[in-house]
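*Asks:* One-letter residues, chain by chain:
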Amino acid sequence: MALRGLVKHFDTKLAVSQVSLDVPAGSFYGLLGPNGAGKTTTLSMAVGLLRPDEGHAFLLGYDVWADPTAAKARLGVLPDGVRLFDRLTGPELLAYHGLLRGMDAATVDQRARELLEVLELGAGNRTLVVDYSAGMKKKIGLACALLHAPRLLVLDEPFEAVDPVSAALIRDILQRYVAGGGTVVFSSHVMEVVERLCDHVAILSDGVLRRHGTLEEVRGDRSLEEVFVQVVGGRVATGSELAWL
Amino acid sequence: MSAQPGVLPFVRLKLRLIGNGLRGRPARIALFVVGVVISGFFAIAGYAIFAIPGVADNERAAGILLPLGGAGVVVGWLFLPLVFFGVDESLDPARFALLPLTRRTLITGLFAAAMAGLPAVATLAATAGMVDSAARLGGPVAGVAQLVGVIVGLLLCVAVARAVTSAFATALRSRRSRDLAAIALAMVAAAVGPLQLLALSGAERADWDKVAAVAHVVGWTPLGAPYTMGLEITDGRWWAALLKLLIALAAVGGLLWWWSTTLENAMVGTAAEGRRATATDRKPVDLLLFLRLPRNRFGALVAREVRYWWREIRRRASLITFTMVGLFLPISVTISNGSPDSMVIFVGALAALSLANQFGFDGSAYATNITAGVPGRIEIGSRTVAHAIYTLPLLVTVSVVVGLLAGHPGRIPSTFGLLIAAYGVGLGLVLPLSVRAAYALPSSSNPFAMSSGGGASKGLLAFAVLLGAIVVSLPLQIVALVLGSVWLWIGLPVGLAYGAAAFLIGSGIAADMVDRRAPELLAAVTPNR
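Sequences listed follow chains A and B, in order.
Here the first sequence is numbered in this note's numbering, starting from 1 and rising by one per residue.
Here the second sequence is numbered in this note's numbering, starting from 1001 and rising by one per residue.
It is possible that some hints are incorrect.
Claimed, not checked - Taking CB as the label site, the calculated pair distances span: (1) PRO164(A) - ARG1282(B): 32 to 38 angstroms; (2) LEU1101(B) - PRO34(A): 34 to 40 angstroms; (3) GLU160(A) - VAL1036(B): 41 to 47 angstroms; (4) LEU1461(B) - GLU160(A): 36 to 42 angstroms.
These are computed hints drawn from the structure, not numbers from a lab.
All residues carry an ideal CB built from backbone N, CA and C; glycine is no exception.
The following block holds chain B by itself, in its conformation from the complex (with noise of 0.2 angstroms):
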């Protein structure tokens, strides 16, 4: 076996692609700063969160915020990869399959590596504030143990993160897997909302002798236990401080094995097995076309993109994240006893903007549709109709529950009406946006890859129609509350009719610019390859 090289080499290659990823590329550099910023925000706010139960000189504070505080962040790196950042994959491991290193050295080498990040010296630098509180309740070899047990808590933060997120790579090899991975996450991240607010109404009424117990208990698992030996040594424990950094060491020991097993996997890869396909008699045409549509071309349109809404798997997580959105926006503004219109508006636009970039998700795929001619009436007309079966029973569903909540089941149809004003006027303003400002997706497999740069600040764009199509349903809204109940006889046809108003406007002015620019509308959804 030939020497091996230790753990430099890696660090210093990480550190050397960041610093290439950002040469010549401002605007690379300008979001790396914001990172910095961002991340020495919350390094800032962390370190004087966890430093307070010091300065306050309150051991029992202390004995609730280290342990849960700490298990929060070990969870944090678990869950966050996973959602919303993507993996760091700078030091892909599979780039060093055919490099003579045991996996011994690998191992520790990109373990090292993945140290080397504004995310690890952010968490490092937040977690500081517990030796701050250590030290000043428990004396300077208390702030030694917590020093200790922050380290290791760090040790323990990168290899969750890497022992999962690899785990996950292995597993997601095929499509099909990584589609339902995709939905999960997808419905997770929308239930974050909820969740935020189960967990502020539980708190205001917390009782705290139950929390100190379940920080206790969490205090002795993995999670919490290296983030507690600090505290342990304040109470004069040692045995105790020494039992949890074993905890700690084991379950690092533990995360590094599984992570190197699933790592091999990773380095070599795995066939993507398809679907079992099973044979089918029926014919062509009947197999694409369903729900009676006309077999002609706008049946074949419209059939296309229904099944793209539930194949594709970027569109069905927008689709997922709508709905969750759509219900319990409007739900729990009703069960707070306000007023739901607003919410009702605001959800009538969300709906709409879905497809502020339709094209992007078709990609180069939508040369077909050039190539065969189709005019831009129909295409948009047909794209239109395909995310209103999906959408238009979503909304009556709103409207209904809202109406029943609230208690005045006579406010359900006005309710649609204003639902559907709000979601026309959406469309009027979202189609034209989706053939000028469309940008194309990364082609990456990952459903939660965004495109960087142009991408970004055209999604902008797409929020600033949503506040657009809100403005402009406002009228509606106030004539709603000056009329009273007189409007909940004709809210349902006023709203058709505004709402077919401005779709119509839009659409035509979509339209006209989809037979003009097919060409540029390609291009630009086209990733570079």
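Just chain A, with the same shape it has in the complex (with noise of 0.2 angstroms):
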């Protein structure tokens, strides 16, 4: 994934700023950043979800906004929030994602029912995914996006609300699917995460990018907490103020 220069203005507030990236084939890229840096806004202008105002983004060597549909075709994207559909049961939200992704039925049955087994889903659960706890939402759309065995993954905080045993589930297939080839590209602001998967990293605050490298070239010796308190820019607590507490 490159993205070159991209742009996004919401009414007057400027986004992001100019944010330019390599990420290479296999690699298991970190963006980091605080609440509201647009780690959101640039993934979502990386996958063709949200329209740059300047600058372009390059999925595996094709133009997301020239060619859309090859691009597309090898991608597999976990949005923030709630962007599912889900009004649907969690084996119908897979079938749903692997006919739309032209893959013949056989073939999603037959993954769809091994994810939801691993996930721990359940393959014969008929709850409505508005019903799923926060974890089970992420995981369900975790599985949505791996069941076509793209070659890249983008995935939107797939660690915010998971319960530990679901995040080491998480981390492990994320971590086969990377030593098979895959390349994964992930935002969060958990600096624990972030240090024990990835080998990149790119620290993004107030739309710009501030630092980004390999996970050694952008910490040091430093912890990466430190480097990135220190980058973002925040304050640490003196002990002259809230003296009362």
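Got two chains here, each in a separate frame; can you build the complex from them with the hints?
*Replies:* Right, here's the structure in full:
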């Protein structure tokens, strides 16, 4: 995935400013940033959900905005929030995604069952996705993104609101996926997860890309959290205020 | 126990919330002004109506109008918030859950705050007409008694509205029961039209003695009791007036007690219980598809849409409303010996109108289809097919029923042709509109919550399209009139062709627009969070 000078304004506010980024094939890439930094906006532009004001996005060599069909065929996306057709049951939703991707029905059935079982969602579960817990919604969203065996996965906050057991499961699946030659890009503001999983990181704040490169390049000999807080410009409580606590 | 605040802070909070809601938002101020004007209109009209018996010096009319009118006002307070306006949750009890307030303080405070609003003021002004009547009929003492009654009546109105909505809110915590209640309310709302006609026809051959008897009984129920106190004084029955006051006060007290019990639940909240899921062994694809839909992209899209028309509560409400209107209008026109043709065109166009904001129903979930790269032609086509699966049987039913009721079974095919033509024209206009003027629906779980501002104006656009569809279908109706009996033979094929042509043109335009503007469409239907 390659981004070239992406810019996006919302009304008068500049949400993303000149973001250029190269994600090498086969890498596990973490996009870090505080809330409101423009992570979701950047990823939305990268996968073709939000038209950029300027700039280009390439997925596996195809321009997302010039040749969307070719680019999207090899891409799996877990969008943020509740962007799923959640009035379907889990199996129905997976079947929908599979057929929508032009897969044949037998393959969809086989892969959907396997995914539901591995992610512990239950292949025969007839609960509507809208009634799922937050962690289950993330898992079914991930299953939908994986179903057509994409070469590139773009995940927006895959670990948000996920319990530790499910998070470990998701981590395992993603690591296996990268080991098999896939590329993962995901956004997060949880340093531990990024430090443990990623070989590349980028730090975004106020719509500007502050640091990017391999994990070692970015953090040097400090912890990622220290670098992050320093780059983003957060303050550390000194002790003189809030003394009554 | 620390000192408890009185009711004033609650009232001030409510007024401040109203004021802050208006600040710097011209659209809201305009809406508020419209609200003031409408309330003022109702207040004046109500006052005038309730004052008529006094001015006309007609005690018998007063004996009918006051209890029935008063009961109507109370029932209005009961149903209108549920059906149309939603509940004014500016003072949400849940927000007070963490404050050290006794239940008694909270209830009186919220109750007083609920009084500070346009509806309450308008109601008080309208029912003040009854005081006028009572004073003219029975002198100042009767007037004072009626004034007490009117004020107690207002308390009753507000208590009814609060208690019932609070009870509903508690009962409707789980999604499933809320869905059921929404369906029931949609049917009630859709039945208002037919009921009105029934009431009108009933009024034409009304037996006033019977009505007076009913009014007398209603006057002794809590609904009418506060509004008839002045009349009892006029008749010299002091004891009756006192008894009615007690009845009304007891009702208010009971309602407040009921409210306070449900309030506890509303503040704490109950966990939503999911549907008891039963396991199944069927394959995922078979679970999604049905009706021998093709096992491909088109089939999946149609299957999802069909499921959504039933499972998504707002869509189901619109289907039910359309079914009621679509069946009732042509039938009532046919029965009253009018020509159903113009109604038929209206119904056909109306059927297409439920697609006017089809992407808005999806909300941000539409992102799925964009990332999968669904071509516009398939997107639009599948949505129309899914809608037609629900609509076409209904259109067939309408034409058959109308033909049979009119005593011309031979006209069934040509009527159906006209319906299809209007449906096709409606689709041809609505489909491009649904892409171009899509708007986000609030992500609220209340199926009756409407988005304010931009959404409303785009809703008006849909109304314009309805008119347009009727106009475009008119030539066909004129041809039908000119040709007379020949039309009975060629009506169906001509109607089908006309409708199909309009649909193909419109859907082609819409499909192009989806291909070019999919991200903008997604942004338009994504609710702001």
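*Asks:* Would you mind marking each hint as holding or not holding in the structure?
*Replies:* Hints versus structure:
At about 33 angstroms, the CB distance of PRO164(A) to ARG1282(B) agrees with the hint of 32 to 38 angstroms. As the Cβ distance of LEU1101(B) to PRO34(A) is approximately 37 angstroms, the hint placing it in 34 to 40 angstroms holds. Checked against the hint of 41 to 47 angstroms, the C-beta distance between GLU160(A) and VAL1036(B) comes to roughly 45 angstroms, which is consistent with it. Roughly 38 angstroms separates the CB atoms of LEU1461(B) and GLU160(A), a value that falls within the hinted 36 to 42 angstroms.
Checked against the numbered hints above, the structure breaks none of them.
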